[in-house]
Amino acid sequence: MKFSAILLFVTIWMFVVYFPLAHMVWGIDGLMNGVWNASAKIHAIDFAGGTVVHMSSGWSALILCLILGKRLGFGKEPMPPHSMVLCMVGTGMLWVGWYGFNAGSAVGADVIAANAFMTTTMATAVASFTWGMIEYMIKGKPSILGFCSGAVAGLVVITPACGFVTANGAVIIGIVAGLVPFIFCYKVKNWFGYDDALDTFGVHAVGGTIGAFLTGVLARTSANANLAGDNMKAYVTNSVFQPLVWEQLKVIGLTLCLAIVGTTVIAFVVKAVNGLRVSEEVETVGLDLAEHGEEGYHAEA
Amino acid sequence: MKFSAILLFVTIWMFVVYFPLAHMVWGIDGLMNGVWNASAKIHAIDFAGGTVVHMSSGWSALILCLILGKRLGFGKEPMPPHSMVLCMVGTGMLWVGWYGFNAGSAVGADVIAANAFMTTTMATAVASFTWGMIEYMIKGKPSILGFCSGAVAGLVVITPACGFVTANGAVIIGIVAGLVPFIFCYKVKNWFGYDDALDTFGVHAVGGTIGAFLTGVLARTSANANLAGDNMKAYVTNSVFQPLVWEQLKVIGLTLCLAIVGTTVIAFVVKAVNGLRVSEEVETVGLDLAEHGEEGYHAEA
Amino acid sequence: MKFSAILLFVTIWMFVVYFPLAHMVWGIDGLMNGVWNASAKIHAIDFAGGTVVHMSSGWSALILCLILGKRLGFGKEPMPPHSMVLCMVGTGMLWVGWYGFNAGSAVGADVIAANAFMTTTMATAVASFTWGMIEYMIKGKPSILGFCSGAVAGLVVITPACGFVTANGAVIIGIVAGLVPFIFCYKVKNWFGYDDALDTFGVHAVGGTIGAFLTGVLARTSANANLAGDNMKAYVTNSVFQPLVWEQLKVIGLTLCLAIVGTTVIAFVVKAVNGLRVSEEVETVGLDLAEHGEEGYHAEA
Numbered sequence: 000m001k002f003s004a005i006l007l008f009v010t011i012w013m014f015v016v017y018f019p020l021a022h023m024v025w026g027i028d029g030l031m032n033g034v035w036n037a038s039a040k041i042h043a044i045d046f047a048g049g050t051v052v053h054m055s056s057g058w059s060a061l062i063l064c065l066i067l068g069k070r071l072g073f074g075k076e077p078m079p080p081h082s083m084v085l086c087m088v089g090t091g092m093l094w095v096g097w098y099g100f101n102a103g104s105a106v107g108a109d110v111i112a113a114n115a116f117m118t119t120t121m122a123t124a125v126a127s128f129t130w131g132m133i134e135y136m137i138k139g140k141p142s143i144l145g146f147c148s149g150a151v152a153g154l155v156v157i158t159p160a161c162g163f164v165t166a167n168g169a170v171i172i173g174i175v176a177g178l179v180p181f182i183f184c185y186k187v188k189n190w191f192g193y194d195d196a197l198d199t200f201g202v203h204a205v206g207g208t209i210g211a212f213l214t215g216v217l218a219r220t221s222a223n224a225n226l227a228g229d230n231m232k233a234y235v236t237n238s239v240f241q242p243l244v245w246e247q248l249k250v251i252g253l254t255l256c257l258a259i260v261g262t263t264v265i266a267f268v269v270k271a272v273n274g275l276r277v278s279e280e281v282e283t284v285g286l287d288l289a290e291h292g293e294e295g296y297h298a299e300a
Numbered sequence: 000m001k002f003s004a005i006l007l008f009v010t011i012w013m014f015v016v017y018f019p020l021a022h023m024v025w026g027i028d029g030l031m032n033g034v035w036n037a038s039a040k041i042h043a044i045d046f047a048g049g050t051v052v053h054m055s056s057g058w059s060a061l062i063l064c065l066i067l068g069k070r071l072g073f074g075k076e077p078m079p080p081h082s083m084v085l086c087m088v089g090t091g092m093l094w095v096g097w098y099g100f101n102a103g104s105a106v107g108a109d110v111i112a113a114n115a116f117m118t119t120t121m122a123t124a125v126a127s128f129t130w131g132m133i134e135y136m137i138k139g140k141p142s143i144l145g146f147c148s149g150a151v152a153g154l155v156v157i158t159p160a161c162g163f164v165t166a167n168g169a170v171i172i173g174i175v176a177g178l179v180p181f182i183f184c185y186k187v188k189n190w191f192g193y194d195d196a197l198d199t200f201g202v203h204a205v206g207g208t209i210g211a212f213l214t215g216v217l218a219r220t221s222a223n224a225n226l227a228g229d230n231m232k233a234y235v236t237n238s239v240f241q242p243l244v245w246e247q248l249k250v251i252g253l254t255l256c257l258a259i260v261g262t263t264v265i266a267f268v269v270k271a272v273n274g275l276r277v278s279e280e281v282e283t284v285g286l287d288l289a290e291h292g293e294e295g296y297h298a299e300a
Numbered sequence: 000m001k002f003s004a005i006l007l008f009v010t011i012w013m014f015v016v017y018f019p020l021a022h023m024v025w026g027i028d029g030l031m032n033g034v035w036n037a038s039a040k041i042h043a044i045d046f047a048g049g050t051v052v053h054m055s056s057g058w059s060a061l062i063l064c065l066i067l068g069k070r071l072g073f074g075k076e077p078m079p080p081h082s083m084v085l086c087m088v089g090t091g092m093l094w095v096g097w098y099g100f101n102a103g104s105a106v107g108a109d110v111i112a113a114n115a116f117m118t119t120t121m122a123t124a125v126a127s128f129t130w131g132m133i134e135y136m137i138k139g140k141p142s143i144l145g146f147c148s149g150a151v152a153g154l155v156v157i158t159p160a161c162g163f164v165t166a167n168g169a170v171i172i173g174i175v176a177g178l179v180p181f182i183f184c185y186k187v188k189n190w191f192g193y194d195d196a197l198d199t200f201g202v203h204a205v206g207g208t209i210g211a212f213l214t215g216v217l218a219r220t221s222a223n224a225n226l227a228g229d230n231m232k233a234y235v236t237n238s239v240f241q242p243l244v245w246e247q248l249k250v251i252g253l254t255l256c257l258a259i260v261g262t263t264v265i266a267f268v269v270k271a272v273n274g275l276r277v278s279e280e281v282e283t284v285g286l287d288l289a290e291h292g293e294e295g296y297h298a299e300a
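Residue numbers (numbering that gives the first Met the number 0), protein chains in the order written: chain Y, 0 to 300; chain E, 0 to 300; chain U, 0 to 300.
Hints listed in this document are in silico derivations from the structure and should not be mistaken for laboratory results. Keep in mind that a hint or two might mislead.
No distinction is drawn between identical chains; accordingly, a pair holds when it is met within one copy or between any pair of copies.
Straight line, CA to CA, 27 angstroms or less: simulated DSSO-like cross-link-like pairs of lysine-lysine [what the hints assert, rightly or not]:
#	residue 1	residue 2
1	K270	K140
2	K69	K186
3	K140	K1
4	K1	K138
5	K69	K270
6	K138	K270
7	K40	K270
8	K140	K75
9	K186	K140
10	K140	K188
11	K138	K75
12	K186	K232
13	K1	K188
14	K1	K75
15	K270	K232
Only chain Y is shown next, with the shape it has when bound in the complex (with noise of 0.2 angstroms):
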């Protein structure tokens, strides 16, 4: 993809995709922040940004990268990562940084910030582990690569849900963090021939799903007492069939259409005005040199 592309579809998409999502979720009167808004026309929940943060990128991602087509060479050549101890310290980066802003969209340092603290490092370290465990069942090789996807899976999945669930709940939403992403990334994406290199799609989409899903499923007044509260108590019963789920249904699918319809839309008007893709001739060169003009090593230097 142009520089020029991305610069330009994401300062779009920002204002049509993520800001209105963004408010809606979490503005004081935003239409789904079931939380604070009485009046809210959906009462769904959604404490660190599973359906503003991770669906809506996530879903964004897997229609522009069908719009913008594959890398030259893709399904012919290996495109093996190029950095597993990159990718390794990335992760445990990306894990520290997260608790800002799990533990963080407490804004304050409170017992809803502690709780929250603990679910995001249960459900990642199960998940990370359940990623690594079925590889290790299928291949017999578990793999760092697993291990660090079962973790941003986990990360993801936890994120809707980390302020409003109990241990319990962390527990169950890191086994299936592990286990419908590594289907996707897996499996699904084979069959349908997506090339998505960072495996957006597969942990950020359908984690970030999972996770708005479950959080409807799994939120209890014990873990949050704001669930108890006028605006929330008739959804949350605390039962795994309470009215929350059927809330947190509309708010993926309305969460699903924006992205959709509004990555679409911008990505074709991006195309039409700018272009999306490099030449060949600079995508052979590398992206890095033509587009930058630097690379990552000088290692004489």
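Given chain Y's structure and the hints, the job is docking chains E and U onto it.
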């Protein structure tokens, strides 16, 4: 070591060594929880895990590495650290993350947490400088590896003490932490010839033991008012020969026994049931490829 | 520079330049501590160390690099950054760690800390974007190096201001931080030809000086109620020409004098006593091998 053996060993070890120790040290009715359990058999203290985390894992690592045996070619081929750059990056991440469990062990954003943060910084800075300067004096070449080893040693030794000692105590701990583990890593290891690739014994076992002891010597009521409470005031008299020293020695002995006996028994059980070492072929190919099906780098990708 | 010379220089420099400045700016009876010292000679402000940390070190670095002289081959051989990957990893770690000392300088989890956190984020994001976009406009190739340089420049410039300015002020600071240091790194450096390998002058000295000045221009009582207290209310009138600007200029002058004179004297003392530069042979072999006896990588290990 086989990956299957690691999984099996770690699972049993947690239940046999780690969980009992953690309960004894931090459990409200723990055998060695001097501060909070009035009827503790041993009135010892361990702020963030010198015995529970570092002594237990460090001594277990030595036993396991002796039972496992040396790497093929150890002592015959040079085995330098793969990347000093990653060593430095990792030490930086470790140092920052360590604040989480040292200061975080105050379980509150209070003056004890602030003191733990400060003593952790002091001891670690002094220890990394000390280790480097010893290298400078002895070999003429202070190294990044020495700086990093000193930093980790400082972190390990201050861990049990961080919430109980003053800034002066932390400086003393830093000097000892740079000195004693250095001797173990550069001299004692060569005398005995065990293959401790990451200096886990020299840094974590020796460091954890020194830390548990120095916590007894240097704990002061001026650093933590809880030491002046009913449960501890008989033991912390603010002198270097205070009764707490003897309590800490008991804890050291108990931890040593549990770690050494526990690890020996578990290692032989795992060896009998599953085997510990990979075959010579697997070791020659490399455990990354043979056991996990992946490599650290794909330079061409 | 010889490692022995670095140790000697740093030790003396701390006592002559850093500690006096730190006391004058943050000491309760400090000469330039405008907020807390009623009888301060200069009623200046510096939240997290624009003068103390960045101006002092940045200007000292320029003087020292002029006295030390250029690297062998400088200007004749290309000297590209060794690894853009590490540059990016390091910038990420720096950015996150920087919150510790910017927001942490509030010495409390209060509204001033939250404001400092927010302004740090705004200024850094805007500065990194600005620097990259300038490259895009001038060279057609926005680079990671430019993004990283802009981020660090943003962090440096917001540092003295972070606890005193509003979100709008932070955006202005971000734009200036992306613009002025860029000019110094890409134009001024070439005009004068000094060998500043890490752009310490362009980013830290220039950035720190701009930051100290803009703190005077943009400090607002709405961002920090302490500015409306007895000691500062005469200086902070919430206009761009408020009396504080003149106080900040005095501080800039004093810091410049202390850093430049101090570094010059110390550098010549160290040169006379110990020598500054390594021999040509050592420089050709590389200081890592010759002075520290180790290399960054052992690819085969």
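Results for each hint:
1. Proximity of K270 and K140 under a CA criterion of 27 angstroms is satisfied inter-copy only: 21 angstroms between copies versus 42 angstroms inside one chain copy.
2. Proximity of K69 and K186 under a CA criterion of 27 angstroms is satisfied intra-copy only: 18 angstroms inside one chain copy versus 41 angstroms between copies.
3. Taking identical chains as interchangeable, the C-alpha atoms of K140 and K1 lie at most 27 angstroms apart only when they sit on different chains, with a minimum of 12 angstroms there against 37 angstroms within one chain.
4. For the homomeric pair K1 and K138, the shortest alpha-carbon distance between copies (16 angstroms) is at most 27 angstroms, but the shortest distance inside one copy (37 angstroms) is not.
5. Proximity of K69 to K270 under the C-alpha cut-off of 27 angstroms is restricted to the intra-copy arrangement: shortest distance 16 angstroms within a copy versus 49 angstroms between copies.
6. In this assembly of identical chains, K138 and K270 lie within 27 angstroms of each other by CA distance solely across copies; the values are 24 angstroms between and 41 angstroms within a copy.
7. In this assembly of identical chains, K40 and K270 lie within 27 angstroms of each other by CA distance neither inside one copy nor across copies; the values are 35 angstroms within and 62 angstroms between.
8. Taking the shortest alpha-carbon separations for K140 and K75, only the intra-copy value of 24 angstroms comes in at or below 27 angstroms, while the best inter-copy value is 30 angstroms.
9. Taking the closest pair of Cα atoms, K186 and K140 come within 27 angstroms of each other only inside a single copy of the chain (17 angstroms); across copies the shortest separation is 38 angstroms, beyond that limit.
10. With identical chains, the CA atoms of K140 and K188 are at most 27 angstroms apart within one copy only, with a shortest distance of 20 angstroms there and 34 angstroms across copies.
11. For the identical chains of this complex, K138 and K75 are intra-copy neighbours only, at 23 angstroms inside a copy versus 35 angstroms across copies, given an alpha-carbon limit of 27 angstroms.
12. In this assembly of identical chains, K186 and K232 lie within 27 angstroms of each other by CA distance neither inside one copy nor across copies; the values are 40 angstroms within and 63 angstroms between.
13. Proximity of K1 and K188 under a CA criterion of 27 angstroms is satisfied intra-copy only: 24 angstroms inside one chain copy versus 32 angstroms between copies.
14. For the homomeric pair K1 and K75, the shortest alpha-carbon distance inside one copy (23 angstroms) is at most 27 angstroms, but the shortest distance between copies (34 angstroms) is not.
15. Within a single copy, K270 and K232 get their C-alpha atoms no closer than 47 angstroms, and across copies no closer than 55 angstroms, so neither meets the 27 angstroms cut-off.
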